[in-house]
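Student: Protein sequence lines, in the order shown, are assigned to chains U and X.
Numbering follows the numbering used here, in which position 10 of the first sequence is assigned residue number 10; successive positions increment by one, without gaps.
Numbering follows the numbering used here, in which position 19 of the second sequence is assigned residue number 19; successive positions increment by one, without gaps.
Keep in mind that the hints were calculated from the coordinates and are not lab data.
Since no wrong hints were added, every one of them can be taken at face value.
Lysine-lysine pairs mimicking DSBU-like chemistry, simulated, CA-CA at most 30 Å apart:
| id | chain 1 | residue 1 | chain 2 | residue 2 |
| --- | --- | --- | --- | --- |
| 1 | U | Lys78 | U | Lys111 |
| 2 | U | Lys42 | X | Lys71 |
| 3 | X | Lys27 | X | Lys44 |
| 4 | U | Lys59 | X | Lys44 |
| 5 | U | Lys42 | U | Lys57 |
| 6 | U | Lys69 | X | Lys44 |
| 7 | U | Lys58 | X | Lys27 |
| 8 | U | Lys57 | U | Lys111 |
| 9 | U | Lys42 | U | Lys78 |
| 10 | U | Lys42 | X | Lys51 |
| 11 | U | Lys78 | U | Lys59 |
| 12 | X | Lys71 | X | Lys44 |
| 13 | U | Lys59 | U | Lys42 |
| 14 | U | Lys42 | U | Lys58 |
| 15 | U | Lys58 | U | Lys69 |
| 16 | U | Lys59 | X | Lys27 |
| 17 | X | Lys44 | U | Lys58 |
| 18 | U | Lys57 | U | Lys78 |
| 19 | X | Lys51 | X | Lys62 |
| 20 | X | Lys44 | U | Lys57 |
| 21 | U | Lys59 | U | Lys69 |
| 22 | X | Lys27 | U | Lys57 |
| 23 | U | Lys111 | U | Lys42 |
| 24 | U | Lys111 | U | Lys59 |
| 25 | U | Lys42 | X | Lys27 |
| 26 | X | Lys62 | X | Lys44 |
| 27 | U | Lys69 | U | Lys57 |
| 28 | X | Lys51 | X | Lys71 |
| 29 | U | Lys42 | X | Lys44 |
Beta-carbon label-pair distances, calculated as ranges:
| id | chain 1 | residue 1 | chain 2 | residue 2 | range |
| --- | --- | --- | --- | --- | --- |
| 30 | X | Ala2 | U | Ala41 | 16 to 26 Å |
| 31 | U | Glu15 | X | Ser87 | 28 to 38 Å |
| 32 | X | Gln17 | U | Gly79 | 46 to 56 Å |
| 33 | U | Ser7 | X | Arg111 | 24 to 34 Å |
| 34 | X | Arg96 | U | Glu5 | 28 to 38 Å |
| 35 | X | Arg111 | U | Glu45 | 10 to 20 Å |
| 36 | U | Lys42 | X | Pro70 | 23 to 33 Å |
| 37 | X | Asp56 | U | Thr51 | 12 to 22 Å |
Note that the structure is a prediction, hence the values are computed from the model and not measured.
Just so it is clear, CB atoms sit at the ideal spot from N, CA and C, and this is done for glycine as well.
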Amino acid sequence: ILNVEQSPQSLHVQEGDSTNFTCSFPSSNFYALHWYRWETAKSPEALFVMTLNGDEKKKGRISATLNTKEGYSYLYIKGSQPEDSATYLCASSNNAGNMLTFGGGTRLMVKP
Amino acid sequence: NAGVMQNPRHLVRRRGQEARLRCSPMKGHSHVYWYRQLPEEGLKFMVYLQKENIIDESGMPKERFSAEFPKEGPSILRIQQVVRGDSAAYFCASSRRDRAAGEQYFGPGTRLTVT
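Excised from the complex, chain X in its bound form:
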């Protein structure tokens, strides 16, 4: 059973470009979470999605960031018009059930560098 997959592992974008980060949850998991780790900081929650629904986006910056988890295919975290401050490691996690007593399984992360 493959774990949580994220791609790309490393992404370099110039200021003003768009970044698309993909996450395929573990088989049988319908709950996806995105977290961000800024340099010298801990993991911070961004958004929680179920298939075709955003459940909690309280940690998402109000502008330029969006997330989706379509019926088919991976979850996508999209950052428009990237700025240097978006440089971070973005981690996706998935779980079989909701409420955070269920284990969340993490992917290896995408390291975004904005030049």
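The shape of chain U in the complex, shown without the other chains:
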């Protein structure tokens, strides 16, 4: 994998459903994986930063896991609420530099 890729591109769920999406990233020279939540017309909001293989992080109903050997991370949302509607971005960094390489995002829409 040469780029950071996210799937699906968009997702519609009903309120109360649990959902998850995927981020794939280059595993060579991996340094850190970031998840952001981005609402329209607002700043991307940092959710998690993970560095170690097997890392799991949780914030309320949102959690994330990391597999650095195979180059993927999952973001889970338990019991989706309309206010969870946003674009969820992942970004990776490698040992070579300080920049984040972003995926295209997963746009989540939660229907009441």
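Given the coordinates of chain U, work out where chain X should sit on it, guided by the hints.
Tutor: Frame of chain U; chain X shown alone:
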């Protein structure tokens, strides 16, 4: 503690004019990053600066674009002789420490429209 501030939020320029985008990092942050989002594309890294130093400008177009982060005042992204293809959202982020394991906090962006 105010977040990352960017101004203006919206900027309209005619082809050939100059655009100046400003970014004030969060208090206590000395590392600034600029990213660009072209229409229908994701966020792409442009440049990473510390106070008075450009550390990594590998994502900056070779011509017309420059960035600075002076000892005092905000970071400035400057685009000379703008063209229609420069129309995009430009985001600034700041962090307390280097290496991208530190969280980068983003501003709301400046939406540049070139007419």
